[in-house]
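First to last, the protein sequences are chains Z and W.
Per our numbering: the first sequence = residues 434 to 548.
Per our numbering: the second sequence = residues 24 to 136.
Derived by calculation from the structure, the hints in this document are not laboratory data.
Hints may be right or wrong, so weigh each one.
[What the hints assert, rightly or not] Here are the simulated lysine-lysine pairs, BS3-like style, with alpha carbons at most 30 Å apart: (1) W/Lys77 - Z/Lys434; (2) Z/Lys446 - Z/Lys490; (3) Z/Lys446 - W/Lys77.
Below, each chain spelled out in residue letters.
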Amino acid sequence: KAGVTQTPRYLIKTRGQQVTLSCSPISGHRSVSWYQQTPGQGLQFLFEYFSETQRNKGNFPGRFSGRQFSNSRSEMNVSTLELGDSALYLCASSTRLAARTDTQYFGPGTRLTVL
Amino acid sequence: GIQVEQSPPDLILQEGANSTLRCNFSDSVNNLQWFHQNPWGQLINLFYIPSGTKQNGRLSATTVATERYSLLYISSSQTTDSGVYFCAVESVYSGGGADGLTFGKGTHLIIQP
Numbered sequence: 434k435a436g437v438t439q440t441p442r443y444l445i446k447t448r449g450q451q452v453t454l455s456c457s458p459i460s461g462h463r464s465v466s467w468y469q470q471t472p473g474q475g476l477q478f479l480f481e482y483f484s485e486t487q488r489n490k491g492n493f494p495g496r497f498s499g500r501q502f503s504n505s506r507s508e509m510n511v512s513t514l515e516l517g518d519s520a521l522y523l524c525a526s527s528t529r530l531a532a533r534t535d536t537q538y539f540g541p542g543t544r545l546t547v548l
Numbered sequence: 024g025i026q027v028e029q030s031p032p033d034l035i036l037q038e039g040a041n042s043t044l045r046c047n048f049s050d051s052v053n054n055l056q057w058f059h060q061n062p063w064g065q066l067i068n069l070f071y072i073p074s075g076t077k078q079n080g081r082l083s084a085t086t087v088a089t090e091r092y093s094l095l096y097i098s099s100s101q102t103t104d105s106g107v108y109f110c111a112v113e114s115v116y117s118g119g120g121a122d123g124l125t126f127g128k129g130t131h132l133i134i135q136p
């Protein structure tokens, strides 16, 4: 099976702009989670989508949003970009057939730089 | 929320050496994974191990859930083992609010030739 794919891999934006990142999960996986990695805060959970519904959300401002489509592909959007949003954004997919006992598989990430 | 501590933060070894990385967590978990982050940033799954022991080649892991810790063993280290190793957990008590995997700060491993 193909792994988790993320596009684009690299992105440069300026403050105040918005950005949309895309994630395609492993075939058959219905859960997609997003994480942000920065040198200062490490890896932090953003949100999880399952069957087009947001299940959980981490402690991030409302500028961070996402959605999931019927084919399980997911997008996350960051509006009004700030310098501190510069980070590696990682997407993970899993089956989530059971409540939580599931392996998460990560994509290669999108490296966002905000100037 | 659940706390995850990894030790040591940095480890420098010679090729061929063995190493043990530790992960302590503050609550009961139903998901624990070990990852290796490659130089390009991708997290590579090593083990899904909420309890018990697993082995995969030169790598093995043990989680003692009752004592809230997990160990990752790397034997006969190679330079390609260099990178950052993360432990990530999901608490059995996760509910509304912040959820998903909680990551430790990682162990930065350098294997010198």
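Verification of the hints:
1. In summary, the hint linking W/Lys77 to Z/Lys434 is supported, as the alpha carbons are separated by about 23 Å, within the 30 Å threshold.
2. Proximity of Z/Lys446 to Z/Lys490 is assessed by CA-CA distance (about 24 Å); at most 30 Å being required, the pair is judged to hold.
3. Restraint check: the Cα-Cα separation between Z/Lys446 and W/Lys77 comes to about 43 Å, which exceeds 30 Å; the hinted pair is violated.
Hint 3 from the list above is the single one not met by this structure.
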